[in-house]
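Based on the provided sequences and hints, a complete structural model is requested.
There are 2 protein chains.
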Amino acid sequence: VADAVVGSLVDVVGPGHVLTDADVRVGYEQDWTGAFGGPARAVVRPGSTAEVAAVVDACRAASVPIIPQGGNTGLVGGGVPEGPGPPGRGEIVLSTRRLQTIDPVDAAAGQITVGAGVTLLALQERLAPLGFEVGVDLASRSGATLGGMAATNAGGTRVLRHGTMRGRVVGAEAVLGTGATVTHLRGLTKDTTGYDLAGLLVGSEGTLGVITALRLVIDPRPAQRAAALVATTGFDAALATAVGVHRRLPTLEAAEVVDGATVELVMATLDLPPPVAGHPTWYVLLGAAGPGDEAEDLARALDATAGPSAVGVIDAVVAGDGPRVDALWRYRDRATESLAAAGPPRKLDVSVPVSALAAFVAAVPDAVARCAPGAVLHVFGHVLDGNLHCNLLGVPSGGGHRVDDVVLDLAVGLGGSIGGEHGIGRAKRSFLHLVRSPAEIDAFRAVKSALDPAGILNPGVLLPA
Amino acid sequence: VADAVVGSLVDVVGPGHVLTDADVRVGYEQDWTGAFGGPARAVVRPGSTAEVAAVVDACRAASVPIIPQGGNTGLVGGGVPEGPGPPGRGEIVLSTRRLQTIDPVDAAAGQITVGAGVTLLALQERLAPLGFEVGVDLASRSGATLGGMAATNAGGTRVLRHGTMRGRVVGAEAVLGTGATVTHLRGLTKDTTGYDLAGLLVGSEGTLGVITALRLVIDPRPAQRAAALVATTGFDAALATAVGVHRRLPTLEAAEVVDGATVELVMATLDLPPPVAGHPTWYVLLGAAGPGDEAEDLARALDATAGPSAVGVIDAVVAGDGPRVDALWRYRDRATESLAAAGPPRKLDVSVPVSALAAFVAAVPDAVARCAPGAVLHVFGHVLDGNLHCNLLGVPSGGGHRVDDVVLDLAVGLGGSIGGEHGIGRAKRSFLHLVRSPAEIDAFRAVKSALDPAGILNPGVLLPA
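Chains as they are written, first to last, in our numbering: chain A, 31 to 495; chain B, 31 to 495.
Hints may contain errors.
Chain B is faced by these chain A residues, among others (derived, beta-carbon under 7 Å) [unchecked claim]:
#: 1; residue: G185
#: 2; residue: K220
#: 3; residue: T222
#: 4; residue: D249
#: 5; residue: D415
#: 6; residue: N417
#: 7; residue: S447
#: 8; residue: G450
#: 9; residue: G453
#: 10; residue: H463
#: 11; residue: E470
#: 12; residue: A480
Quick list of simulated restraints, FRET-style, between CB atoms [claimed, not checked]:
#: 13; chain 1: A; residue 1: V406; chain 2: B; residue 2: P280; range: 43 to 49 Å
#: 14; chain 1: A; residue 1: S172; chain 2: B; residue 2: G173; range: 51 to 57 Å
#: 15; chain 1: A; residue 1: D266; chain 2: B; residue 2: A158; range: 29 to 35 Å
#: 16; chain 1: B; residue 1: P494; chain 2: A; residue 2: A34; range: 39 to 45 Å
#: 17; chain 1: B; residue 1: A386; chain 2: A; residue 2: G322; range: 45 to 51 Å
#: 18; chain 1: A; residue 1: E294; chain 2: B; residue 2: R278; range: 44 to 50 Å
#: 19; chain 1: B; residue 1: A334; chain 2: A; residue 2: H463; range: 56 to 62 Å
#: 20; chain 1: B; residue 1: A158; chain 2: A; residue 2: P252; range: 32 to 38 Å
#: 21; chain 1: A; residue 1: G161; chain 2: B; residue 2: D323; range: 28 to 34 Å
Keep in mind the hints are simulated off the structure, nothing from the lab.
This structure is a prediction, so every number in the text was calculated from the model and none was measured.
Where is the CB? At the ideal position from N, CA and C, for every residue including glycine.
Below, the structure written as structure tokens:
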């Protein structure tokens, strides 16, 4: 191997885990939406925390930047190289996928310790027969790793009841940019013995350290899951339905809105039948999980909220058994991949107070039309979290930054944020000033310098240059 | 005023809010247990975030250390000066008590923004008529400020259901050691736009910044609170009772154990009657809060768990109305002040996994007897959090450090921690290495240097010299 850094990585992990051939590297270099990526010098796949530390040391010694990567399911370009650089000067992609340890369940504490490279689906499948579950769930479960989900503070469809990753991570092990390995995995309910490094790593998008293991809170598995898909004539009716059912049903864990155009795109992409008759403009998908007859409870709460006399409700379907629940969820879960197949779309993951959602939804089509004529807007998201995913297809070439700016500014002006659950990555770093003051960004830079003084971890991600 | 720094503080806050007379300063210089404190150069009471920033700037310019102080109810010496220093070179105590703003309740979000100097009791009294409550509760509610509670990641008696301050703080404003003011108070459910500075400040014990305001999650106020006091013949029976009732009663919010010696001390100090007949060795106090008949539900769960045939249960009293509930709580809530009146005690706030509690309780008396003969041990705490407060009266002069070491080491050896909810402060800084590796402590120091480069905030607190 001609490249000295690559040679030192081979010394650490063995030749089989340093990928240099272009056709093998490509799955790590390009994000799956096709919107972000570039050539890496090499992809390294360490198999233990000690190997991660040795990789970080080798890269520090050679001043070669590292891109930490989990399942490469991110949507903001935070886990792939920036783009074409000078030959022989690219970044190293550090894949955590081989950190596959799953410790035994600690049933007394309701916790488990897992390697960062374990996928959400793998952990879900390990826990289910033991009567537990992860709490967090999201559509990219088969690829998304828990380390990546922690690094981006992922949310998903059950935040309403179970919180984001920030609330689920009660301990972490990581190799910091300094090369030091920090480990705090006891997961004690009360333990105030210094700064919360685990919490600092959550949402830091790989810029402070490479997370190698996590201590996670897990939940008892509910006896039954039910779902209802409600078709409405407008966003207000969809929101009112979600709010009303939430008030009546403590076991509600998901409330997802999807606009009619997106449901139609999913139907066309996957050749699915319409879930209800007619042409609703907004759907709301409700999920309940608990010990009782969740389908009956959900139907009752829905009747009380959105009965025949409710304004704007067209129809509703309730499902209580696994396959029928899954069938309803397809209209929501498959939205991202259907949009990717038609795209790549511009993706804007905004957050506003729930009380400002209707104003945002009312204003966003005009805002898009003004600055990106001809673009098609698809909106779906987690309505009771105030978190909407705005996807734009057909944005005129060169018009992307302008439309991002307008949509993000609209959210911020309504008391919201430019980053809900996808993070900032490379996609939104130039907009960070919309939600963070110069004093906050200075503090971020100071923390970054403290834990990654050489700036080798994910340069160009999260913080603007 | 002869002292130039004091003069500049007077310029910032006015002469009425810079306290230099010894008899006025004393309430800020000495902690209330009498175990920690020393003379301050002056006490300054800024009335706004801008004034806090100006105070920090003035002290930075003069290289004078600042001790941030809330209600001065801490138990580890983290909010008072270190002790006698050279004349004219003492620290400035920065009291946040004048930061008294309470914004209107945001009922839609279930949140409120408050000034750091608001006491827990004041916020409880503001929220009660509006149908909300703070979620966190602790015995020092009338003095403890929310800023201080956040800085120490306070827990208290309802963590079981409502979490510690870490889970309640969803935004913060603070003046960092750099002098910069950072503000992030939107409280959005999903907002991943940089490092979690609010989370970093929680539990940092005033060493990174002075918290000036907080965005807090609040909870709907339950219709009824009930309590039960159960007398047992040993710790195992008390623990089993708490675990069994918790499994059966989702509205359980508190499970406190108190040993017999402590209940007897409270009775003697406050001239209270025995709560039950006989001489139990351990009590467990259970609290439930919810929409139903909580006293009935608690009695039923207790019968199923600790009925007449249960091993080790002597007697139980259940109360459902306010005054009788309060009367039962006195045997727990007044323990700290009764011990202070008899002391000052050595206070060790340890945390172990719930599964290791019985082993800890069994081993600690011998450990104490070996290294502090004649000392009297009083134990109480939050049993389902694994958090016990060990109080030692009559420790021989000079034997304190040794007995601290032995008890803390015992907890750590059982998978626990040296700091449950009181923090590290000055009291336990020399034991931090028992639970934090050199790599972690290095990382703490790097974060400290990043946000307080001159080291003027609470030097000597949390981090060993």
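Does the nearest C-beta of chain B fall within a distance shorter than 7 Å of the C-beta of A:G450?
-> holds (4 Å)
Check the following: the C-beta atoms of A:S172 and B:G173 are separated by a distance inside 51 to 57 Å.
-> holds (53 Å)
Holds or violated: is there a CB of chain B closer than 7 Å to the CB of A:D249?
-> violated (13 Å)
Please test the hint of 45 to 51 Å on the beta carbon pair from B:A386 and A:G322.
-> violated (35 Å)
Mind checking the hinted window 32 to 38 Å against the Cβ distance between B:A158 and A:P252?
-> holds (34 Å)
Per the hint of 56 to 62 Å, is the separation of the Cβ atoms of B:A334 and A:H463 within bounds?
-> At roughly 58 Å between Cβ atoms, A:H463 and B:A334 fall inside 56 to 62 Å, so the hint holds.
Measuring from beta carbon to beta carbon, are A:D266 and B:A158 in 29 to 35 Å?
-> holds (33 Å)
Are A:G161 and B:D323 spaced within 28 to 34 Å by their CB atoms?
-> holds (31 Å)
Should the interface hint for A:D415 be scored as holding, given a Cβ-Cβ cut-off of 7 Å against chain B?
-> holds (4 Å)
So, A:S447 near chain B? Judge it on the closest CB pair being under 7 Å.
-> holds (4 Å)
Does the CB of A:K220 sit less than 7 Å away from some CB of chain B?
-> holds (4 Å)
Taking the least C-beta to C-beta distance, is A:G185 closer than 7 Å to chain B?
-> Holds, because the Cβ-Cβ distance from A:G185 to chain B comes to roughly 5 Å (cut-off 7 Å).
The structure fails hints 4, 10, 17 (numbered hints given earlier, in ascending order).
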